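Enquirer: Following full-length UniProt numbering, the numbering of the sequence shown begins with 1 at its first residue and continues without gaps.
Quick caveat, the hints were computed from the structure, so don't treat them as lab data.
This one's a predicted model, so the numbers in the text were calculated from it and none came from an experiment.
Please note: incorrect hints may appear among the correct ones.
Said to hold, decoys possible - Here are the computed distance ranges between Cβ atoms for each label pair:
no. : residue 1 : residue 2 : range
1   : Asp333    : Ser72     : 48 to 58 Å
2   : Glu163    : Asp333    : 23 to 33 Å
3   : Gln467    : Asp383    : 52 to 62 Å
4   : Asp333    : Arg423    : 21 to 31 Å
5   : Ile221    : Ser136    : 48 to 58 Å
The beta carbon of each residue, even a glycine, is placed where N, CA and C say it ideally should be.
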Amino acid sequence: MTKIPFRPLPFRFSRSVAAFAAGGLLAFVAAQADLSLISRSNAAPATVAAASAAAVPGPAAGAPLAALPDFSALVEQVGSAVVNISTVTLAKNSNVSGINPNDPFYDFLRRFGIAPGMGSQQPQESRGIGSGFIVSADGYVLTNAHVVADADEVAVKLTDKREFKAKVVGIDRRSDVALIKIAASNLPTVRIGSPDRLKVGEWVAAIGAPFGFENSVTAGIVSAKSRALPDETYVPFIQTDVAINPGNSGGPLFNLKGEVVGINSQIYSRSGGYQGISFAIPIDVAMKVKEQLQKTGKVQRGRLGVTMQPVTKELAESFGLAKPVGALVTGVDRSSPADKAGLQPGDVIIALDGVPIEEATDLPRKVGDSAPGTKLGLTVLRDGKRLEKQAVLAAMPSETAPQARGESAGGGRVGLAVRSLSREEAAALGSSGVVVVGVNGPAARAGLQEGDVVLAVNNARVSSPAQLKELLDQAGKRFALLIQREDARLYVPVRTD
């Protein structure tokens, strides 16, 4: 990290940033936006004078200069398939002290002998904006995962001003791709291009809603391909100089043919604003994710079970390599596919199924693209000898694994996922109960938090997730949960109506 002067930022934008309010953009910044991508101070790259006429010959006399691209036809053709996305996320209350005596729910609690207290806090809404594009006429829309992740409400606005509530079909945080669905038909769609055919220096354009300015267009060039970024293992990013600003996250990157070649996703910045370097997820990567999300709502990736590092020039010399290529194994997980295949720390993986591993980052991408159960051939260098190994990939653990261990209480009606207390937790607590591992919907609005321990529903004690589910099913639309939060016990009123 010390070699990287500044790091990529996902397109998030906080409504608390006062600097934008001072700049006159308060109306748009009041929403927690998502970074966008459009606005160039110079429409064309500046020409650099030649140091010597002899060294850099000029164009032949009378030769016409190449015309700059005109994007108007492209925008007219594809603009209607780009959408604006707005989200509402209910912030969890840090404190729940009770409800006001004037609230009708006050009497409900009193009938159960519960002292409801005073001064209930209302949940705080956080609003966000982003962009997306329609990939099927029946309403499937691609965007960034960070645009819609954790949102309680998602809305989509089309260029014809129609607005729809959207359902989040699935998100994949590892690639930052999300698929959402609106109830509509006969919608305009984008055409999918091939990022592999992109050339460095080629013109590209983007459409989105920077700072909430809908259907804005900007252009730039491809600066580089297959960029590896810190903490981004599975995406070979397209680097461009297209301006990125809050609100364009999830928007499409087009080539001059009007085909989508990427999803605008990140910037590289010291300040948090656009500084000439932006990154897009290649559309072929996004479409693979989209197919899995549409079928199952999640993405399955293969897992080899190694930790690794790049091979530097010095390491290449130490391992007898002609040049610094491959992935140097630094650790092997016990009982993993790599362990069963006989890999060891110090091995250098130089090929996967005969395809050379040029960079260490190539390995997790190629393994991740393979389904669990896939048999892969590994070419390994060990002590100067070339070895061939076979590994059968396991499944990559779900990125939501901690919540997956919880059980849904109330059939999803309450928005509460819980797990049983461990023996140690139960002994420390001195009571039975269940631990909250996930909240949304009514539970989030009521102020419940991950880590809370649910002790009772109204006055009925809870000893297991199954019992909590049964009690919630019987509780109706309004009930109170007795919870333990750190050293305090309190009742939290919950409404599902």
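Enquirer: Taking the hints in turn, state whether each one holds.
Expert: Here is how each hint holds up against the structure:
{"no.": "1", "hint": "Asp333 with Ser72: 48 to 58 Å", "in the structure": "54 Å, holds"}
{"no.": "2", "hint": "Glu163 with Asp333: 23 to 33 Å", "in the structure": "48 Å, violated"}
{"no.": "3", "hint": "Gln467 with Asp383: 52 to 62 Å", "in the structure": "59 Å, holds"}
{"no.": "4", "hint": "Asp333 with Arg423: 21 to 31 Å", "in the structure": "27 Å, holds"}
{"no.": "5", "hint": "Ile221 with Ser136: 48 to 58 Å", "in the structure": "30 Å, violated"}
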